[in-house]
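Take the given structure of chain A and dock chains B and C to it, following the hints.
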Amino acid sequence: MKSRQTRMFLMDLKFALTLLRKNKLVVSGFVMVLFFIFLALFGDFIVDPNIAKSVDYPNALKPPSWEHPFGTDDNGRDIVAMVVLAAKYDLAIALSVILASIGVGILVGSVSGYFGGIIDEVIMRITDIFLAFPGLVLAMAIATVLGRSFTNLMLALIIVWWSGYARIMRGQFISEREKPYVAAAKILSVPSWRIIFRHILPNAIYPMLVVLTMDMGGVILTAAGLSFIGLGPSPFEPEWGSLASRGAVYLFQAPWIIFFPGIMILFACLGFNLVGDGLRDVLDPRLRR
Amino acid sequence: MRGISRTILAVAVIVLVVIVGAVAVLMQPPTPTITTTTTTTTATTTTATTSTTITTTTATTTTATTTTVTTSPTTTTTTIKPPNPDTLVQETIGEPDYVDPAVDYETAGGEIIMNVYETLMWYDGESATKVIPWLAESYQMSADGKSYTFTLRKGIKFHDGTPFNAKAVNYSIVRAILIADPNGPAWMLGPLKGAEELMYSIQDGVATQDDVAAWLASKPIEVLDEYTVRMNLDYPYSPWLSVLAYTVTAIVSPTYVEAHGGIVVGEHNEWMDRHAEAGTGPYILKSWEPNVLTLVRNDAYWGGPKGNIKPVLKTVIIKGVADANTRLLDLLKGDADFAYVPVTHIDQLIDMTTWFNEKKIVVKPEVADKVRVTGPYETFNLDFIAFNLNIKDEITKQPAAFQPFRDIRVRKAFVYAFDIDQYLRDVVKYFAIQPNGPVPKGMFGYNPSIPTQQYNLTKAKELLLQAGPDLGFSPQNPKTMTLYYNTGNLAREKAALLIASAINSLNVGLVIQVVPLDWPAFLAKQRARALPFFVLGWAPDYVDPDDYLIPFGHGQKGTFPIVIGYNNPELNTLIEQQAVEADPVKRQAIIDQIVNTLNSEYIYLWTAQATARHVERTWVKGWYYNPAYPGNYFATISKG
Amino acid sequence: MKLYEYSIRRIFLLIFVLLGVTILTFYLSRIVLNPLGAYVTERTRPEAIPAIEKRLGLDKPFYIQYIIYLQDLVTFNWGWSRVAHMPVIEALFYRFPATVELAIASFIIIILVGVPLGIISALKNNSVVDHAIRIFSLTGISIPVFWLALTLQYSFSYLPKVAGLPSLPSNGRVDALLYQQYPVNRITGLMIFDSLIQGNFIIASDALLHLILPAMTLAFLSIGAVTRVARSSMLEVLRQDYISTARAYGLPERMVIYKYALKNAMIPVTTLSGLLFGGLLAGAIITESIFAFPGMGQLTVFAISSNDSYTIMAFTVLASFIYVLINLLVDIVYAKLDPRIKY
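Chains as they are written, first to last, in this note's numbering: chain A, 352 to 640; chain B, 167 to 806; chain C, 212 to 554.
Isolated chain A (complex conformation) (with noise of 0.2 Å):
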């Protein structure tokens, strides 16, 4: 039984890959995702960490030269290597929120979804009243309180993020709650949480992973988003946001500052999309050929 589950697994998976890899699209985007990747695992190696822990007011904003290929900031920091530095911090923050939020989603949108009634009508109001009240003023109120920090500014992203998640798990445990393979369940008195964990949920997160992926991207940008009007970590915690945003003053005698890591975001994020776009295409049976 498992082996066949197995054999089927990976025969979808091959199937998949080679619908993907036809695609020259996506296998650039998964070229995009995996050199970030790259980046944020081995950045502290290629370049020395601390460049980004300190200043060098002599060295500042020096146009790109052969020792500063993308120029040097404002506190006269190698662009390249504080681009570099910063993406693991990147990585950290498209990780953490995406996976925290769905975390919760999955929690709150398993429970309203499958219980329904009173708790479901609560609860999503609730997640209503979190969707519709502005991410950024949230986003400020937590960057206010507990000061500009890495780890504050991936907690307001989180708890701007879970409540679309939450609203999306709600409606696939509802479609799925109604399949034969639960009802059966139910007659047998499988307990409610091993229904909603072992049997619902992997069938209800699959089509979430083209959201997933494509999302990873949004949360960089909206992290640089905050970064620009000023709730992004402080000079010292490098993310490519706050590196490009601090360009702006500098923008007419120093464009590198804003332009290289811009590029890099732009880079990252459309690699995830496309890796996403691709994903779409193969998860959505009427879109194949």
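Honestly, the hints are just simulated from the structure, not real lab data. All figures in this text were calculated on a predicted structure; none of them were measured in a lab. There may be inaccurate statements among the hints.
As the list claims (entries may be wrong) - 25 Å max Cα-Cα, derived DSS-like pairs, lysine-lysine:
#, chain 1, residue 1, chain 2, residue 2
1, B, Lys563, C, Lys265
2, A, Lys413, B, Lys525
3, C, Lys335, C, Lys547
4, C, Lys271, B, Lys563
5, B, Lys595, B, Lys359
6, C, Lys335, A, Lys375
7, B, Lys563, B, Lys530
8, B, Lys385, B, Lys359
9, B, Lys805, B, Lys472
10, B, Lys536, B, Lys558
11, B, Lys805, B, Lys296
12, B, Lys595, A, Lys413
13, B, Lys536, B, Lys320
14, B, Lys530, A, Lys413
15, B, Lys536, B, Lys480
16, B, Lys312, B, Lys323
Stated by the list, open to error - Covered stretches of chain C (chain A as the covering partner; in silico rule of three or more C-beta atoms under 8 Å from a C-beta of chain A):
#, stretch
17, 225-231
18, 321-328
19, 358-368
20, 392-401
21, 480-489
From the three backbone atoms N, C-alpha and C, an ideal C-beta is built for every residue, glycine too.
Structure of chains B and C alone, referenced to chain A:
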């Protein structure tokens, strides 16, 4: 089908391009007309003639520095005529909080107020120390120094047509006191008889109508006749005439105020907060749209005490433009006549090599026909880092366990670790000097022979390694500390990063994290004594060392000693002594002693005393610098 | 369930959600953030603080403060905006029309560009054109807003200005000097509309110029979404039986697509554009602050950095209200357009 889909795309694109292109090309706003009479060779001569000569003379009696700027008459061969000779556009940062003189306490509002309203006394031209009768004709101080009698000028009318008289003077000053904004400048009127006590009780919410009536009946200000008014003080207060030159005492039309909400004790007048159109000054605030304030000329202006002030500009537009790049480009293009160009962008206008080597401002040849930069002008703004001797936990309000700055070795090490040369050269671009104590250069009490703090990283490391074991940190067992700074001020942020980076590089077991905070959050943390050490600035209210020695040194009254838990009774006594010492030589000696004590205890790290500059189009004439002005006085300025 | 019953139920829920939003706003602004912070400076005497608290009503129990807060909300007594230097409600009157104008401008660009691109993409499925459009739309959703805005500002405003070429304005809503010379009376607050009906073409064109860069920025971010939805719904419609039937009848392809397919393919696009417009009204924060466009978004950024709780609260309530309302409208319109949907 293929054709059609392409057509749709093409049409959409063409429509957009046509709209954008046509509008952009056709509807350009009027550009300056350039009359070139000679060729490019004139560029060099232009620089030579427009460069300014700066002579700094120190007045002996007043001991404040006056900076005189002599601009050689510009005999440029290339003349650019301004497109709008009647209108001056000023691009700056920030918008006024209010334009009501009774409550506004910042420079953007001050600039509007000083052009719309006038005071009994005001500064004589470029002098920041010489206060002359302005709306008053003459004054007389009583022998005990406790009362001042003013004779007012006759025939002056407010913008609303009502006459200026003694009643208006009484009304305006009483109004500021009754509003008693705790965050405003009304406290300066404290020396007036009973005013401080009344303002406190209004602010504490305990003043009754009877209290107010009783205070008024006690005659702090007496209207003797139509054009004579007397002010009675609680005690002799020599800076009183300077207070009467400050915007808080500006005279407003009582008829106008009464028609727009009148006076409510302890409350702002919301109409007056936003409207300034009933003063006696050369301009009237016509409109205040978001980020744009428009002043129009008061054609009936009385001409000032010497009768020679005849405003030329019909309209002055003051735009708040947050982006320094835009301000700079608008100035170069001719869309702005005055622009605030920060230190970060000044290298686009002036020759930095000459400035670094000779401390002389020379405009770059390629912009010299358009832009004039004058300065440097001394300001009394002091930036510093303060070490908290009694760090508290923000939530529990209890003293924190780790108190590194109680150890003088740590404070000393931090002072040694700050690379002041790098800061002055590469961060503030020499638009600041290193202070040697709390008294700024150019003010009475400043003693150039007091040594400045030194940069010495080796000593810093030595001291921290020594102090580490006693305080419980070592390279193997590091402790973390947080340095907070308020966002938005780049120079302060960079000072914070510089010292944090230096301490971290020493590897002595002290790790400094930097955390940016919004200004209100920063202040809240400061009030809670939760900032271990912080970067901040101080600007004076009145030109006297008292306004520095108390806030920096007095353990019971000073703003900073209170928040950092520093109280030295000996120092407090000295500060009180110097305030009443009449002999300047003796006073100087006491001040030196105070400064030396503060410096030897390493309570503060003095980072910078800023110097200013002024940037304008070459076609602007008649501007002058007065450090006591909150902004530009437009009545003497013309264009063309 | 009938459509109107559904609508009534939704409106009822709307009130519930809005009430929830006010509770959250109240909680954040009164309990989490200390509102005193805005009124107490380093010069305030400690003895004066209780009086300030009393004046602001902060000495009362929280539930009473909340009731007062709600009363003020419904009577439009929204307090004084410290960053706008005027009552909050007045600041909204000034700034909301600016945001609306910007939203309309970018919405027009989005629809004009996004829908045709999506249709072309669907018709030329899997061709090079399709891929190019796909990359274009994915770039739109992958680009940092502030980066795009600053890049546009740099290349269309800064560079031409330095080179002495005609440039696009990058700051504000209208040239202050021109506005001074050719004033426009405020009628709706939409500057282009107001100046046009007053025959003031100079200000109208200047305001239009000022709109170009911010509107392009906002539009580029959302074109991708519209293109994608237009493409996939067009693809789906083209696979429907009735299209095959029409083709089988030998109707010209042009007629099949524009007469039969397009109409049905536009239903999801309508829904999406409704949501998009709502988003544009509530979310142009970064774009507005970079282009110094005096709308709600710019004000909110100022308010956030100076902890101006009254302004932040007003923005929050307004943004949530728009969000909820637009969602409701979209659902109702969707139900009307698509007869398959039953409640």
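Taking the hints in turn, this is what the structure says about them:
As the CA atoms of lysine 563 of chain B and lysine 265 of chain C are separated by approximately 23 Å, the hinted pair is consistent with the 25 Å bound. Restraint check: the Cα-Cα separation between lysine 413 of chain A and lysine 525 of chain B comes to about 23 Å, which is no more than 25 Å; the hinted pair holds. For the suggested pair lysine 335 of chain C and lysine 547 of chain C, the alpha carbons sit about 31 Å apart, so the restraint of at most 25 Å is broken. Restraint check for lysine 271 of chain C and lysine 563 of chain B: satisfied, since their Cα atoms lie roughly 23 Å apart, inside the 25 Å limit.
Of the pairs offered as hints, the one joining lysine 595 of chain B and lysine 359 of chain B is violated, with about 47 Å between alpha carbons and a cut-off of 25 Å exceeded. Under the criterion of a C-alpha separation no larger than 25 Å, the hint pairing lysine 335 of chain C with lysine 375 of chain A is consistent with the structure, at around 17 Å. A threshold of 25 Å between alpha carbons decides the hint, and for lysine 563 of chain B with lysine 530 of chain B the separation of about 55 Å lies outside it, so the pair is violated. As the CA atoms of lysine 385 of chain B and lysine 359 of chain B are separated by approximately 8 Å, the hinted pair is consistent with the 25 Å bound.
Between the alpha carbons of lysine 805 of chain B and lysine 472 of chain B the distance comes to roughly 23 Å, so the proposed pair stays at or under 25 Å and holds. Of the supplied pair hints, the one linking lysine 536 of chain B and lysine 558 of chain B is violated, its CA atoms being roughly 54 Å apart against a limit of 25 Å. Our distance criterion of 25 Å between C-alpha atoms is broken by lysine 805 of chain B and lysine 296 of chain B, whose separation comes to about 28 Å. Among the hinted pairs, lysine 595 of chain B with lysine 413 of chain A is consistent with the structure: their alpha-carbon atoms are about 15 Å apart, no more than 25 Å.
Restraint check: the Cα-Cα separation between lysine 536 of chain B and lysine 320 of chain B comes to about 43 Å, which exceeds 25 Å; the hinted pair is violated. The straight-line distance between the Cα atoms of lysine 530 of chain B and lysine 413 of chain A is roughly 20 Å, inside the 25 Å bound, and the hint therefore holds. Of the supplied pair hints, the one linking lysine 536 of chain B and lysine 480 of chain B holds, its CA atoms being roughly 22 Å apart against a limit of 25 Å. A hinted pair counts as satisfied when its Cα atoms are at most 25 Å apart, and lysine 312 of chain B with lysine 323 of chain B does not qualify at roughly 30 Å.
Closer than 8 Å: that is the beta-carbon criterion, and the stretch 225-231 of chain C has 4 residues meeting it against chain A, so the requirement of 3 holds. Beta-carbon proximity to chain A at under 8 Å applies to 0 residues in the stretch 321-328 of chain C; the threshold of 3 is not reached and the given coverage is violated. Note: the stretch 358-368 of chain C has 5 residues with beta-carbon separation from chain A under 8 Å; the three-residue rule is met and the coverage holds. For the stretch 392-401 of chain C, the proposed coverage by chain A is not satisfied: 0 residues have a C-beta within less than 8 Å of a C-beta in that chain, short of the threshold of three.
By the rule of at least three residues with a Cβ nearer than 8 Å to a Cβ of chain A, the coverage given for the stretch 480-489 of chain C is violated, with 0 such residues.
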